[in-house]
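Keeping the supplied structure of chain A fixed, place chains B, C and D with the ligands upon it in accordance with the hints.
What follows is the residue order along each chain.
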Amino acid sequence: MSAASLPVARRPSADRAVPRQFLQQTLLRPLAALALLLLIDLLCIPGFFALEIKEGHLYGSLIDIINRAAPLMLAALGMTLVIATRGIDVSVGAVVAIAGTVAALLVGGRLTMEGGLPVYVSHIPMAWALLAALGAALLCGVWNGLLVAGLGLQPIIATLILMVAGRGLAQLFTDGQIVTVYYPPFFFLGSGYLFGLPFALWLVLAVFGLTSLLMRKTALGLFIQAVGINPVAARLAGIKTAALIFFVYVYCSLCAGLAGLMIASNIKSADANNAGLALELDAILAVTLGGGSLNGGKFSLIGSLIGALIIQTLTYTIYSLGVPPEVNMVVKAVVVFLVCLSQSSEFKRLGRRLLRGKA
Amino acid sequence: APAAPLVMGFSQVGAESEWRSANTASIKAAAKQDGVTLKFADAQQKQENQVKAIRSFIAQKVDVIAFSPVVESGWDTVLREAKAAKIPVILTDRAVNVSDPSLFVSFIGSDFVEEGRKAGRWLLERAAKNPGADLNIVELQGTVGSAPALDRKKGFEEVIAGNPKLKISRSQSGDFTRAKGKEVMEAFLKAKDKKIDVLYAHNDDMAIGAIQAIEEAGLKPGKDILIISIDGVKGAFEAMLAGKLNVTVECNPLLGPQLMQLAREVVAGKTVAKRITTLEGVFPAEVAAKELPNRRY
Amino acid sequence: MSAPALLSLRRLTAAPGFASLVTVGLLLALFGLGGASYAGFASVQVLLNLLIDNAYLLVIAVGMSFVILSGGIDLSVGSVLALTTMLTGWLLQVAHWPPLLVLALVLLAGGLFGAAMGALIHYFKLQPFIVTLAGMFLARGLCFLVSINSITIDEPLFVGLSQTQLHVPLLGGFVSPAALIALAVLALGIWLAHWTGFGRAVYAIGGNEQSALMMGLPVARTKVLTYAFSGFCAALGGVLFSFYMLSGYGLHAQGTELDAIAAVVIGGTVLTGGYGYVAGALSGVLTLGLIQTLIAFDGTLSSWWTKIVIGGLLFVFCLVQRLLALRAKP
Amino acid sequence: MDAAANVPQPVLELSGIDKGFPGVKALSDVSLRLFPGEVHTLMGQNGAGKSTLIKVLTGLYQADAGSIRLDGRPIAPRSTLDAQALGISTVYQEVNLCPNLSVAENIFIGRYPRAGLFGAIDWRLMQSEARRLLAQMHIDIDVRAPLSRYSLSIQQMVAIARALNISARVLILDEPTSSLDEAAVQLLFGVLRRLREQGMAILFVTHFLEQTYAISDRITVMRNGETEGEYACSALSRLALVNKMVGAPAESAQPLEQPAQAGPGAARGRPVLRAEGLGRRGMLKPLDLEIRAGEVLGLCGLLGSGRTETARLLFGADAADSGSIQTGGQAARLFASPRDAIAAGIGFCSEDRKHEGAILELSVRENIVLALQARKGLLRAIPAAEQRELADHYIARLGIKTPDAEMPIGLLSGGNQQKALLARWLVTSPKLLILDEPTRGIDVRAKEEIMDYVTALSRQADGQGMAVLFISSELPEVLRCSDRLLVLRDRQAGGEYARGELSEASLLAVIAGEALELAA
Ligand SMILES: Nc1ncnc2c1ncn2[C@@H]1O[C@H](COP(=O)(O)OP(=O)(O)OP(=O)(O)O)[C@@H](O)[C@H]1O
Ligand SMILES: Nc1ncnc2c1ncn2[C@@H]1O[C@H](COP(=O)(O)OP(=O)(O)OP(=O)(O)O)[C@@H](O)[C@H]1O
Ligand SMILES: [Mg+2]
Ligand SMILES: [Mg+2]
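Protein chains in written order, with the working numbering: chain A, 95 to 453; chain B, 54 to 350; chain C, 1017 to 1346; chain D, 8 to 527.
Heads up, some of the hints might be wrong.
[To be verified] Per label pair, the in silico range of CB-to-CB distance:
(1) A/443 x C/1040: 43 to 51 Å
(2) B/277 x A/415: 22 to 30 Å
(3) D/81 x A/417: 50 to 58 Å
By construction, these hints were calculated from the structure, which means they are not laboratory data. Note that CB positions come from ideal geometry on N, CA and C, so glycine has one too.
Excised from the complex, chain A in its bound form (with noise of 0.2 Å):
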């Protein structure tokens, strides 16, 4: 046949080249710009990369950041699947409140005093009720992929109604109060050590290890992937494309509703108003640090983790240098634009120009 007549290019090692230069694309500048970020703090910030044994843990700036950002990874998680296909999830901060009040609610906003002394306890038992808030995380995802893939709304407004439903209800829960939880064992997830390291760390690692393991395994990430690029193409390619979509948003609620545990556990309280404010934006703006793109397909999970790391190092930062606090999203802008124009191929053109022109 022709291919004997065509001199095709065949690199001898194109099956492991490949993934290398997929990993220099998508990896590389989101890590250079997590890099330089650290750079700054160990230069500005004495003492940054300080890690002290406190209580048989490991303690320092480092490990604030991992467990500042872990609900932030795990929402990112989700919504990078839910941005594959592109779609948008603006109910994230919304499920981060409902599965916080549930959880804080059902284990224990009960302090009694017996005999002089707090004893405390758990209405019901904590897996149940970890499990309940998961649920009603679960729930709210299901709303949301039968909003999406079932009636063929608009994903920013089917889950917009999500979003602000969600958090009235989340306060209806709790009357507007919040509500503080007596109980130690719940507040492990969020602010307890597992082998040295914040436990929270090693439950995103989990889902991580968990959903890379989904994607390489099954053919998930190729589905999501061809729909989100191709919807049209992907179902006459005999995909599910409904049932996909319904499964990206479900997931991103799981997702979504485990950060909002960490978050009530790690304050040992929820706070319906607050929990998860504007968790959304901060989702999303991780996976896009990360590499992907809002117009749906390819993505990277390691990405959006990294893109969150940034996020949450550039916060804390701000905190650290002293930044007065009315120049805090000035500087923060000022950080993204860079970050941006840093993965930016045409700018990195355009500047190899002018250098190019000065000498």
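Leaving out everything else, chains B, C and D with the ligands in the frame of chain A:
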């Protein structure tokens, strides 16, 4: 006796904090008890929503309008419309800045600057016990640009300016929330340049979050670091009981009964005081145990 | 139904503007519902208040329509609005500049801000979401650099415009000059979108940017102009807002970008670009405004029930809109 | 006039053009001359670099080296807009129009007729002009409807109409005829001849030898990104042309006129699919159809006769509202979605590869395994090694020109994308493969080889071969490959013919002639 019940339109800021929820609950309960028909509108923290709500109260021809302004400025136009419709306006909780003071009849509520001053005075007294030492203060501000944040900062700074040993070394916004309060405090604690002696938080929630951060850093809140906060919510009293918070300055949300009485007087045509300050105390840890059972929010 | 009747119904439902018609019908139904339930609701002034109270949102939504039609998004509008009020306040009250100069200046600044974001998006191939999100932080941050306090505006021209009530002949009731300006911007937007090369290029880019490029359309110019227009509208929205509030404040209009996006999408424009009408922005804005008015008239809802009801009404609205649109498809 | 005027000067002259992409050298040292008043055909195998050359010429890509001269002056267009301003009007290979805009706008966007005080767009004038332009091409459609409502062939015509309407000195057409039928091609050629007489320089790309010889004055042949040579059309025989494209002597002079297989003797098995009364209002009148294992059924008809519609209804891509489909002994039903059809062993290669086929940013490998994976289901992922093996096999078998299987399919040349999409269905080893214009844009040699390969799959001796429903506007190809022909007219069945019953001429008459009778 009036045949028709008094109709009051009330525009609330939102439900952004426990304090606010308690405030709302108090007003609703008082209205019910007083037989006042309450038209309640929640502004979700947006001034434009409040203006819309006030316009709709005017369209509904309520007897009196009350509201807690999101921000001081920008009320002239809509209040003029209310005046033209001959509906008296009462402000609660926060003041407004209008060119014509006759646009509202009265203002009941706390004085944020005064709260800041009270916090500052407590610290001054405390510092006086140990005159030699410099005290390094960190501040957790409320939402940047919001009235309580601005005023509580102002009042506090005004008072501590009197003692050169007191210095605010770091000040960052914690958005009035526990999570942010904790996050910012964590970062403060890691900065090794100076030992932190005092924490001044613009509300109890941020203080409670910060307390957790301090504990996780292996320090004793209330002892290693003095903690001053404002609002006086139940959580703060619990923290004081546990010895983790030193003092909270009360900012009383239970304005309902006072408001209803005022409304009746206004509608009845009586002259009322232009400024009614709510009764507010300062609760150091020592009185916490006695006070906790009285806390309804 | 008889066959011809069915046929004409089908023809009606297949008409390109049917989705917008449905929205208008739903709006009327919502208004009727309010009128039936609450005393004083079904008045001309309530209707006009919708325009007065949402004038700034309408202007922003018009600008947003263009951005969304071109397949982009602009999250910075709320912040640019706040920045405009802040700059206006500062220039008038602190720097004491003449009001007309201030107006021209802030409008220009808004346009330039948008154009700068557009240029970043187009020339450096950055994602609109991320660039305008950074723009949102930047504008909000700049507000606080100007001042963290709110600034009351008492400049006579602004006060005059703020308090002028233009009586509507025949109907009774009054509107504000800002509402008229907003309607004029809407008309301008409709004209731009449907009768100028710029507007059509926006649609083309939203349909398929690569194709638009290969058809020889001025993609770069159009995209930059689109964001510039949105920035301009946001600044104009800010000016209307300062008429409305007579104050400059860094926390003004938080989350307005989402309201504007929601209004545009409810008005029938597709978020991925290329399909929809600028006129839809009006019905979207009125829908959001009407929902709020309904809740204010009800007056029994707590904060959380307010949110739940807003969400619920939004849901019902979108559901009916969607179902009717589905039915309409042959 | 001076002496130089007597020697014709090229309007457009490209020399020494180089263009490389990461991992691929698409063009090296290419030159091309275009004279006024000529139709110049650019030929070459898939991936030879034709489209890339055109994109360089019109500013979509910037050349790495080389020069472009217009009237002897160097130009450097940076966009299609620049090129248009210089008088170069282009139809690119894939239809590049805006599906959301109306047909009329797609023709006139950028050059609207204006009216009124502020120069508003004159919609009425634009629409009537569009109607007039399309009528010249014998197309009568609602020009106010969005373009996406129309088939690829109509879109192609609209793209051509747009290019023709731009007053230009150079007209470039990259495979404009790939989805047009004979009648439409003749119409287009009529227009091109007229333009040639008016002195326009026309650069034309096609894979059809007939068309090349019917219209061109000169031919430039490209091979592997290089210019092989420039020839006067009359001085180059078909065989020589094919040899120059391929770069090796071809065995037969007239490849297309040979029957693909040794006649209708191949074993035919049981019916794979039987459709009864399959139809949908406004799309297709109820139609009966039966296909047996090991059989190639050709579906012919004019543009718009309902061939694509038939295929889509069979595959469940559109929902039928009448009739039933029976496959492999199962109860009669209708497919609710392509998934159902695929589960029943059917494959469908759409005619619109850009919108309905290729997932542009995914790799060739992923595109190839997609349908197979979808059929296997989510959980049973095909192991990476197996995926690569499958992809490599078909890349070699169908001669897909790509550096490796991980190349995003969108970066392949048009013809090579088409081959990869065909591979997507071949890997599923369907019982019935529906091919809608599968050879669109595939070069002359590969076309023959691919169809031979497909027919060989069906003509297995055991009667278990794959059934093929073959739709093509190229009558010789349909005649060569099919065992049976089904003619569609006006969206309904118009007759069935056995192999050998019709010649090309009589088939044309059946398709077109009787349709004319009906219309009369
Ligand atoms: N953007 C790109 N990136 C990488 N490679 C590319 C790109 N565009 C084209 N190529 C490669 O350049 C070569 C020439 O492609 P081109 O599209 O010009 O071929 P062609 O002659 O038009 O083929 P066909 O007849 O199939 O349309 C191909 O090998 C193709 O894969
Ligand atoms: N010359 C024409 N004039 C007007 N309408 C046409 C013409 N050719 C096709 N159409 C219309 O275009 C639409 C789609 O036709 P299409 O070409 O997809 O049909 P088809 O049978 O699939 O043909 P093919 O497979 O050759 O594309 C139909 O509505 C048809 O009526
Ligand atoms: Mg090509
Ligand atoms: Mg067809």
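Enumerated hints in conflict with the structure, sorted upward: none
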